[in-house]
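Please build the complete structure, drawing on both the sequences and the hints.
Protein chains: 2
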Amino acid sequence: MIITITREFGSGGRTIAKKLADKLGYAYYDYEIVQQIAQESGFAKEYIEENGEDASSTSTFGFIWNNYGYNLSDELYVAQRNVICELADKGNCVIVGRCSDYILRDRKDVLNVFIHADFEYRKNRVVSVYGQNEFAPDKRIKDKDKRRIAYYKYYTDRKWADAKNYQLCLDSGVLGIDKCVELIEKAM
Amino acid sequence: MIITITREFGSGGRTIAKKLADKLGYAYYDYEIVQQIAQESGFAKEYIEENGEDASSTSTFGFIWNNYGYNLSDELYVAQRNVICELADKGNCVIVGRCSDYILRDRKDVLNVFIHADFEYRKNRVVSVYGQNEFAPDKRIKDKDKRRIAYYKYYTDRKWADAKNYQLCLDSGVLGIDKCVELIEKAM
Numbered sequence: 124m125i126i127t128i129t130r131e132f133g134s135g136g137r138t139i140a141k142k143l144a145d146k147l148g149y150a151y152y153d154y155e156i157v158q159q160i161a162q163e164s165g166f167a168k169e170y171i172e173e174n175g176e177d178a179s180s181t182s183t184f185g186f187i188w189n190n191y192g193y194n195l196s197d198e199l200y201v202a203q204r205n206v207i208c209e210l211a212d213k214g215n216c217v218i219v220g221r222c223s224d225y226i227l228r229d230r231k232d233v234l235n236v237f238i239h240a241d242f243e244y245r246k247n248r249v250v251s252v253y254g255q256n257e258f259a260p261d262k263r264i265k266d267k268d269k270r271r272i273a274y275y276k277y278y279t280d281r282k283w284a285d286a287k288n289y290q291l292c293l294d295s296g297v298l299g300i301d302k303c304v305e306l307i308e309k310a311m
Numbered sequence: 124m125i126i127t128i129t130r131e132f133g134s135g136g137r138t139i140a141k142k143l144a145d146k147l148g149y150a151y152y153d154y155e156i157v158q159q160i161a162q163e164s165g166f167a168k169e170y171i172e173e174n175g176e177d178a179s180s181t182s183t184f185g186f187i188w189n190n191y192g193y194n195l196s197d198e199l200y201v202a203q204r205n206v207i208c209e210l211a212d213k214g215n216c217v218i219v220g221r222c223s224d225y226i227l228r229d230r231k232d233v234l235n236v237f238i239h240a241d242f243e244y245r246k247n248r249v250v251s252v253y254g255q256n257e258f259a260p261d262k263r264i265k266d267k268d269k270r271r272i273a274y275y276k277y278y279t280d281r282k283w284a285d286a287k288n289y290q291l292c293l294d295s296g297v298l299g300i301d302k303c304v305e306l307i308e309k310a311m
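Chains A and B are the protein sequences, given in the same order. Just so you know, we're using the numbering used here here: the first sequence kicks off at 124 and counts up by one. Just so you know, we're using the numbering used here here: the second sequence kicks off at 124 and counts up by one.
It is possible that some hints are incorrect.
Each pair may be met inside one copy or between any two copies, as identical chains are not told apart.
[To be verified] Mimicking DSS-like on lysine-lysine, the simulated pairs with C-alpha atoms at most 27 Å apart in a straight line are:
# : residue 1 : residue 2
1 : Lys-267   : Lys-282
2 : Lys-287   : Lys-269
3 : Lys-213   : Lys-141
4 : Lys-246   : Lys-231
5 : Lys-265   : Lys-231
6 : Lys-287   : Lys-168
7 : Lys-213   : Lys-231
Simulated from the structure, these hints should not be mistaken for lab results.
Laid out in structure tokens, this is it:
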């Protein structure tokens, strides 16, 4: 069984995924995906982390071409897609983000979960988990949301927070992290 | 505690709501709302059923004015809103549809649930539950979806299937009716 966790920035989706994997004894794939892509594709880990699930913050077009007109964003997407398919083939796991719900859409053994929370909850969580930086938490969240929605739309042609893409959507701000873990476990 | 169930036509959301209310010993408001609105407003029950949560199928504008330019759709919405607020004040209950999630948005004791399912599941269910009629199930579902989405958008200015409007969204086609009841109970 494979569980994909698509999550809003600051919603605690990653923590939920980790706790769930630990509880179930499932493999947990998050930074592991970055490492394996780096190994297989030659992209730098920092580049993958920055551009692997959010549209670019530096390119006006949102996606990145090199000087020869080659589309690096697409190349990264394909590398990522291949790694996610390989990891899914290994068996029981929890996969965080990176359009994994869409990438694994033809498998029958996948439960797709979307974690979201209201803006205030995410603001507090972003500061407490990631700390302060030069940008106000409002700006950080709005920027991340915009880039993540654009990335998801571009590579999946789906709407990001559309309940119909997932079997289970949970408001972690209201329900709490541990309750979300329990509900996903029960839904399986 | 109040639970609102917003549901796609044919998803089994009404059955889930009824089972949940029975299990919890909560009041269940669905046709009761229609009866009370009829009593308080003078609208015919059939009119309320036809126009209380779906945009009109007969008016080109989707909403209905009488010959004096009076907006009947708005009048029905207000009557409905008042009845839903009154029922919510009575205590523990499950309320089906009619923008109740939006109407009760300022209360702190509400759990908003969205039930959806894929098209094939809903097609089969519509025929088995409501029987055949002169229209093919495809057409019936598409028509209902369109009218319900338009109604919800008009009166709430929200997107119908947006996960962020609900604390819990469930795919009844994949999870099954009874599992949905259990998950809602657990989320409370």
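Problem set entry | Broken hints, by number | 6
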